[in-house]
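> Read off the chains here:
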Amino acid sequence: MITLLAMHFPISNTDISPVYLVVIGFLIGILGGFFGVGGSFIAGPALRAVGMHWNYAVGTDLAHIVGKSVVAAKRHRALGNVDLRLGLIMALGTIGGAECGAQLIQLLKRQGNVDFVVSIISIVIYVSISTFMVLESWKTRQLQKKQAGSGQGKAKTKGKSKSSEKDVSSFDNVTKAIQGIPVWPMISLPTSGVKSISLWVIIIVSFIGGLFSGFLGGGAGYIRMPMMVYVLGIPTHLAVGTDLFEIIISASYGTFSHAIKGNVDILIALVMNTGAAIGAQIGAILTQYFAGPKIRLFFVPLPLIGAAIVLYTLFTGQKL
Amino acid sequence: MKSDARKALISFAIELVVYGILVVVYFFLVLHFLANWLAHLDKESIRLYALVSIGLIIGQAVVLESITTFIFRVLRGRSE
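Chains as they are written, first to last, in our numbering: chain F, 164 to 483; chain R, -10 to 69.
Hints may be right or wrong, so weigh each one.
[Unchecked claim] Beyond 12 Å from chain R on every Cβ pair, some chain F residues (computed):
{"no.": "1", "residue": "183"}
{"no.": "2", "residue": "222"}
{"no.": "3", "residue": "306"}
{"no.": "4", "residue": "310"}
{"no.": "5", "residue": "342"}
{"no.": "6", "residue": "422"}
{"no.": "7", "residue": "443"}
{"no.": "8", "residue": "445"}
[As the list claims (entries may be wrong)] For the chain R half of the interface with chain F, some residues (derived, Cβ under 10 Å), not all of them:
{"no.": "9", "residue": "-1"}
{"no.": "10", "residue": "1"}
{"no.": "11", "residue": "3"}
{"no.": "12", "residue": "4"}
{"no.": "13", "residue": "19"}
{"no.": "14", "residue": "22"}
{"no.": "15", "residue": "25"}
{"no.": "16", "residue": "45"}
{"no.": "17", "residue": "50"}
{"no.": "18", "residue": "54"}
[Said to hold, decoys possible] In the SDA-like style, the derived pairs of lysine to any residue whose C-alpha atoms are separated by at most 25 Å in a straight line are:
{"no.": "19", "chain 1": "F", "residue 1": "424", "chain 2": "R", "residue 2": "1"}
{"no.": "20", "chain 1": "R", "residue 1": "32", "chain 2": "F", "residue 2": "415"}
{"no.": "21", "chain 1": "F", "residue 1": "339", "chain 2": "F", "residue 2": "307"}
{"no.": "22", "chain 1": "R", "residue 1": "-4", "chain 2": "F", "residue 2": "339"}
{"no.": "23", "chain 1": "R", "residue 1": "32", "chain 2": "F", "residue 2": "420"}
{"no.": "24", "chain 1": "F", "residue 1": "424", "chain 2": "R", "residue 2": "29"}
{"no.": "25", "chain 1": "R", "residue 1": "32", "chain 2": "F", "residue 2": "173"}
{"no.": "26", "chain 1": "F", "residue 1": "424", "chain 2": "R", "residue 2": "32"}
{"no.": "27", "chain 1": "R", "residue 1": "32", "chain 2": "F", "residue 2": "171"}
{"no.": "28", "chain 1": "F", "residue 1": "457", "chain 2": "R", "residue 2": "1"}
{"no.": "29", "chain 1": "F", "residue 1": "302", "chain 2": "F", "residue 2": "251"}
{"no.": "30", "chain 1": "R", "residue 1": "-4", "chain 2": "F", "residue 2": "173"}
No wet-lab data here; the hints were simulated from the structure. We treat Cβ as the ideally placed atom computed from N, Cα and C, and that holds for glycine.
Here chain R stands alone, though its shape is the one from the complex (with noise of 0.2 Å):
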């Protein structure tokens, strides 16, 4: 049982990781590609940079986590 709990934290940390590195580096893509542009957005169609704005952050947490379980699911079935 113990065992079993410890697994299921270790699993929750490295998905944690992963799922870490994967917001920062979708942050560094935003910041790279989208940063100028959405500045300008804000300035010239505020509707448009609200949905934009919108996006982005639900993005972060619902596609990140899906490749997190994705990766997670493919790392199980080579290991299985």
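Bound-form chain F, shown alone (with noise of 0.2 Å):
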């Protein structure tokens, strides 16, 4: 039976508005499609929300990010913003990492006190990424106004949309560095424009997101979208592309094991879809009117979101 305030899924066995799950798969979908993120800190809550059981709710989140990831990706492609080489090889990163840390929180629920270790680290990495993030795009903004107020750059960047403008850091000297790591082998990502970076580096920091993702559950796109940047000197566009690229890679892997796991609810996820992947078209072509720094600062309030909860979480007992 099928109306607007309720409609039930046999699967879950659950009731729920279909109205209101499009309208939360298309608030995701946009900020999935603009950041790069599978949005897995917003649409678990938001199933949890109407009643639905945590192991649903996690399962059903990944299997519409991976449908929403997709029409994402497409876009961005269309965009020239992925990099398939680049996500290829992160894709093998995050699902060792994923793994790791699905068995490292194991490990620590053996140990006793597993809750309040994780939400401590975890709030103390959300924390230190948004104020990372407003720093350096602060002062990336603030080179750019210098650069503009002495006329350069304006040759450069005229004419040229805002996404073709070059996506200057102000942390591009640490990610020199870091490219600079003689670990062989090294590889070049043409596309991103990277001449030349070890492997290692790229491993370990799709396994670090990977990590968090088993750790912390959902994509980890919040670590790993300013990982790409900073790290790996990926522009912002390039890896906004990439990084949904690679979800939907891992978030495929974790559907499968969440379904033969039996937490996947398709009907839900279809729903959701709808919306999402309206949003998500939405939110991909929304990157090409914003510079990097603009979409890095934009970025801010997601970890921040992601740290709410879990302190949430952490003073009621309640799991959002």
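Two chains, each in its own frame: build the complex with the hints.
Okay, here's the thing in structure tokens:
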């Protein structure tokens, strides 16, 4: 029976409004397309808020992330924002990291006090990412204003879209030093404009992203996207598109893994994806109207939302 | 230049509407023809259910976008 207020989903035996699912999907879709994140920090609590069991919320959320990421990555690819080579390498590291993160959680669970330890670690990391990104974006914007004031860069950017403007970062010197670490094998990423970088640096970055994904749940795009920009030196628009491509692979793996444990209600994921698929395309197109530093500045609240959710869980004992 | 951007935006908006309609139709088709089978599969053959789930969600994204692109190509071909 379908009404706008409630629809019965037989697989998870839940009654949820399809309009609610479409709206949530749409909002997450815009965020995903614009920032290259899965959006599980919103989708998980949103599904829990309407009475869905935690295990179904996690698995179903991952399934809808796959669909939305395919749409957004396809759109980003058409805009030239996906580095397939980098995405495939990162997928390997992410899957490995996710497995280790899940095992680490199990280990901590056996030793007790896991919730408190994980919560504190994640809050420190989320707040650090946001603080760092505010400072970096602000510094970069100041740098750009100075350049514009002195006439530099205007000639370079005249007539170009926001996305093709040089994606400057005040953190460039550290990124260059990381790219210069001479650990064999060195590879080049022509699509991203990286002449030479150690394969191990990419694997470590994606492994850390995966580790957080397995450790804290969700896709951990709020950690991977900034690391791609600041550690690997990938231009922001390419980091967004490539992260989405990489999410397709890692979230598909996660969906399959959850589905065989009976944690996925595919019908709910499909309803969410009707909104998410539209939102993701809008988000992807919107990136063309903003330069890299602005996208990074807008990204700042996302890890803070993650921190707020963890704080709420820590104090109330209720998992959102 | 501005009219080009306007045209691109209108084209994108129409594409979104067409895609949106297809996505909704796809969901109702799945709901009508596959909902009971999927619920049964979830109980009886969980691995097949996992594979079908991934197929359905990727299918929704890939196939429908391809259909939208195809429709637009045909319409553009006729208008030229």
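> With reference to the structure, classify each hint as holding or not holding.
Cross-check of the supplied hints:
1. 183: holds (15 Å)
2. 222: For residue 222 of chain F, whose nearest Cβ neighbour in chain R is about 9 Å away, the distance does not exceed 12 Å, so it is violated.
3. 306: Given a closest Cβ separation of 28 Å, the condition holds.
4. 310: Holds: least Cβ distance 24 Å, greater than 12 Å.
5. 342: Given a closest Cβ separation of 34 Å, the condition holds.
6. 422: Label violated. Min Cβ-Cβ 3 Å, cutoff 12 Å.
7. 443: Incorrect as stated: the minimum Cβ-Cβ distance to chain R is 9 Å, not above 12 Å.
8. 445: violated (7 Å)
9. -1: violated (13 Å)
10. 1: holds (6 Å)
11. 3: violated (12 Å)
12. 4: The hint holds - residue 4 of chain R has a Cβ within 10 Å of chain F, the shortest such distance being about 8 Å.
13. 19: holds (6 Å)
14. 22: violated (12 Å)
15. 25: holds (8 Å)
16. 45: holds (6 Å)
17. 50: holds (4 Å)
18. 54: holds (6 Å)
19. F:424 to R:1: Not satisfied, since the Cα-Cα distance of roughly 40 Å exceeds 25 Å.
20. R:32 to F:415: holds (21 Å)
21. F:339 to F:307: Holds - the C-alpha atoms of residue 307 of chain F and residue 339 of chain F are around 19 Å apart, at most 25 Å.
22. R:-4 to F:339: Roughly 41 Å separates the two Cα atoms, so the pair is violated.
23. R:32 to F:420: holds (16 Å)
24. F:424 to R:29: holds (15 Å)
25. R:32 to F:173: holds (11 Å)
26. F:424 to R:32: holds (11 Å)
27. R:32 to F:171: holds (17 Å)
28. F:457 to R:1: Since the Cα atoms of residue 457 of chain F and residue 1 of chain R sit roughly 23 Å apart, the hinted pair holds (cutoff 25 Å).
29. F:302 to F:251: violated (32 Å)
30. R:-4 to F:173: The hint is violated at about 44 Å.
Checked against the numbered hints listed earlier, the structure breaks hints 2, 6, 7, 8, 9, 11, 14, 19, 22, 29 and 30; every other hint is satisfied.
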